[in-house]
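Since chain A is already given, all that's left is putting chain B on it; use the hints.
So you can see what is in the structure, the chains are spelled out below.
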Amino acid sequence: MAVIRDVMPAFDLLQPGSAADAQKLLDQYREDAWVMAGGLDSFDWLKDRIKKPKVLVDLSGIDELKGIRQTGDGIEIGAMTTLTEIENHPVVKKDYGVLLQAVGLVASPQIRNQGTLGGNVSQDARCWYYRDGWPCYRAGGNICYADTPVGRNREHAIFGADRCVAVNPSDSAPALIALDAKFVIRSSKGERVVDAEDYFIGPDVDITHLTILQPGDLLTAIRIPGAWAGAKFYFEKVRDRNVWDFPLMNVASAMVISGGNIERIRLAVNAAAPRPMRLKSVEDAVRGKPANAATGEMAGKLAVQGAVPLQFNAYKIPLMRNLVKRAIGGAQEATWTS
Amino acid sequence: MDFITWATSPWGRSVPIHIAWYLMWLAVIAGLCFMIVHALYVIIVAPPKKFAKFAENAAPAKAEAIPERVPRHSLAARAFHWIMAASMLTLLITAFLPKMGVHFNWVLYHWIAGCVLTVSIVFHMIHASFYMDFWSIWPDKTDMRDATRRLLRFFGKPAPRPSRFAKYPLENKFYHGVIMLAALAVTVTGLFMMKRVETIFFTRNPYLFSDMTWGLMYVLHGLAGVGLIALVMVHVYMGVRPEKLPITKSMIFGWMSRDFYLEEHDPERWAVKDSSPSQEKRGYAASDAD
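So the protein lines, in turn, are chains A and B. Quick note on our numbering: the first sequence kicks off at 1 and runs consecutively. Quick note on our numbering: the second sequence kicks off at 1 and runs consecutively.
Chain A with its partners taken away, still in its complex shape (with noise of 0.2 angstroms):
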């Protein structure tokens, strides 16, 4: 349990000057580093002594994380390429609005400016009796103190609870989900690719990660195909405040409609579980169909079958259903319901 408030631990600060710097030293102190991205979570976790890491890699000077590039399918965007870069990409613009929206609404103008996409998509979780130290299952204990009947829940998961109730927090992750994207990983055996929804675990895999990423593993890219670009896309976030805070759910979809109906789709949420969930079973109940409220309010009522809420959380089955209707239909069609 932390008792020092914003006094940092003593570390090794490494500052390597490329990828393959900087992996070295992630492989070479594995457990003990600590890899700081934006360190909007890393300055949390560091100055509440909760996480007291050996090293901490800096990746802020490697260049070769940063910026958007253009490929033959599609764009590839650094790990360390912020969030307001992205917000402002003109090709982005034009053709991922989707992820525009979705990194739009992270946080506040000043968060978007240090954050980065690589680490909105790898921070960890903000369930605050995790964060405050205790020891919970995600912390590498025997309890989760949200899952009680006095646990205060009300942010938690409704699906995919696994002893760990904690969600995923990004704004991010069900954007890519929607677009498809891959992320590009780099470890001591090479570079692999993965699909955006299996960079994420939930805690029946493994309880004290929100990604597949290991010791000695270092997120470089993200890849976001032109198989998608142009479509019709959809993000909308819900929140306490909408000053900046993060998801109590958020949405996002893609979809190419073909005379009215729906020719392909991919959706995806966020916040409702331990990971981004993509809705596969929605994608395939709606495909064929038009791009209407009623195939809205289908996708929703789908989309929220075997919801389990906690004690003061169910509001987000019908949270849930409303930004799925939404996200099919369109907000101007699809009205609120509760």
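The hints are simulated quantities; they were obtained by calculation from the structure and are not laboratory data. Watch out, some of these pointers could steer you wrong.
[Claimed, not checked] In silico DSSO-like cross-links for lysine-lysine, where the CA-CA straight-line distance does not exceed 30 angstroms:
(1) A:66 to A:189
(2) A:54 to B:99
(3) A:47 to B:99
(4) A:52 to B:99
[What the hints assert, rightly or not] From chain A, some residues computed to sit far from chain B (all C-beta separations above 10 angstroms):
(5) 9
(6) 16
(7) 55
(8) 58
(9) 84
(10) 114
(11) 126
(12) 131
(13) 197
(14) 226
(15) 238
(16) 263
(17) 280
Using N, Cα and C, we set each Cβ at its ideal position, and we do this for glycine too.
Chain B alone, transformed into the frame defined by chain A:
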């Protein structure tokens, strides 16, 4: 180096949360050490005897009465053993592979295997108590007397020759006692721990016990679990040793040969009862132990 991992509860109390995971490797090393030491002992100090013809160990008339295939384990006993073995291996794999960095949905498989183990243990307790010779697996006075004799002879002291074993050798009985304690510890603690996860049996209740009691339960579960790593390693090693293969085969087929029986076992202590005519034809006989 602490063998228990401690944490501070929200109320500021230091509580155990689980064992230190390096104990897992310690158990593996202990198991390997046992195998190496035992193998060297068998090779250098006491090579296994070759089977003597039954006539050398028993009066010919008595030996002739022993069927060629001596029944040792009933079908029910064998089924229990292999179901328990499968569930135990599943439990060990699902418990410790994630600690070695292999991630999968282990909790689900772990508690299902735990339920199978629990049911098989309950079955075994009833079966052993009412349908088998319950005392055959527990050390008796003759075992202790013979153990003392063996020890004295090992150190070159004069002592009468120890008698042959009853149905189970003494080390077998000790092993059974230790694995029984370990299995009961993981089963009982595991059943309580199921109250902390979603299962089809219980409603979750993490507040069933205090943090300290839960912590000690996790520690006991972990200690018994790592103990079982070494115990299972030793058991598998013994099961595949050439001189023990007849015993292993009897756990598969249910019987052992008359030669092996007369070589290793004392018909006075493990009597093979008279058999039915149909069994005699095939060389089977009923055992008092099954």
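Here's how the hints hold up against the structure:
Between the alpha carbons of residue 66 of chain A and residue 189 of chain A the distance comes to roughly 23 angstroms, so the proposed pair stays at or under 30 angstroms and holds. Only pairs whose Cα atoms come within 30 angstroms are accepted, and residue 54 of chain A paired with residue 99 of chain B is accepted, the gap being roughly 22 angstroms. Restraint check for residue 47 of chain A and residue 99 of chain B: the C-alpha separation of about 29 angstroms stays at or below 30 angstroms, so the hint holds. Distance restraint check for residue 52 of chain A and residue 99 of chain B: the Cα-Cα separation of roughly 21 angstroms lies within the 30 angstroms cut-off, and the hinted pair is therefore satisfied.
Distance check for residue 9 of chain A against chain B: the nearest CB is about 17 angstroms away, which clears 10 angstroms, and the non-interface claim stands. With a least CB separation of 25 angstroms from chain B, residue 16 of chain A remains clear of the 10 angstroms interface cut-off, as annotated. With a minimum CB-CB distance of about 21 angstroms to chain B, residue 55 of chain A clears the 10 angstroms threshold, and the non-interface call stands. Annotated as non-interface, residue 58 of chain A keeps its C-beta farther than 10 angstroms from every C-beta of chain B; the closest such distance is 26 angstroms.
Remark: the non-interface label on residue 84 of chain A is consistent with the geometry, its nearest Cβ contact in chain B lying 34 angstroms away (cut-off 10 angstroms). With a least beta-carbon separation of about 31 angstroms from chain B, residue 114 of chain A lies farther than 10 angstroms from that chain, consistent with its non-interface assignment. Non-interface call for residue 126 of chain A relative to chain B: holds, since the shortest CB-CB distance, roughly 18 angstroms, exceeds 10 angstroms. Its beta-carbon lying about 13 angstroms from the closest one in chain B, residue 131 of chain A satisfies the requirement of being farther than 10 angstroms from that chain.
Here residue 197 of chain A stays apart from chain B, with its beta-carbon at least about 16 angstroms from theirs, past the 10 angstroms limit. At the 10 angstroms boundary, the C-beta of residue 226 of chain A stays outside the reach of chain B, the nearest C-beta of that chain being 33 angstroms off. Against chain B, the non-interface label of residue 238 of chain A holds: every CB pair exceeds 10 angstroms, the least being about 27 angstroms. The beta carbon of residue 263 of chain A sits about 34 angstroms from the closest Cβ of chain B, which is more than 10 angstroms, so the claim that it is off the interface holds.
Interface exclusion of residue 280 of chain A from chain B stands, the closest Cβ pair being 18 angstroms apart, more than 10 angstroms.
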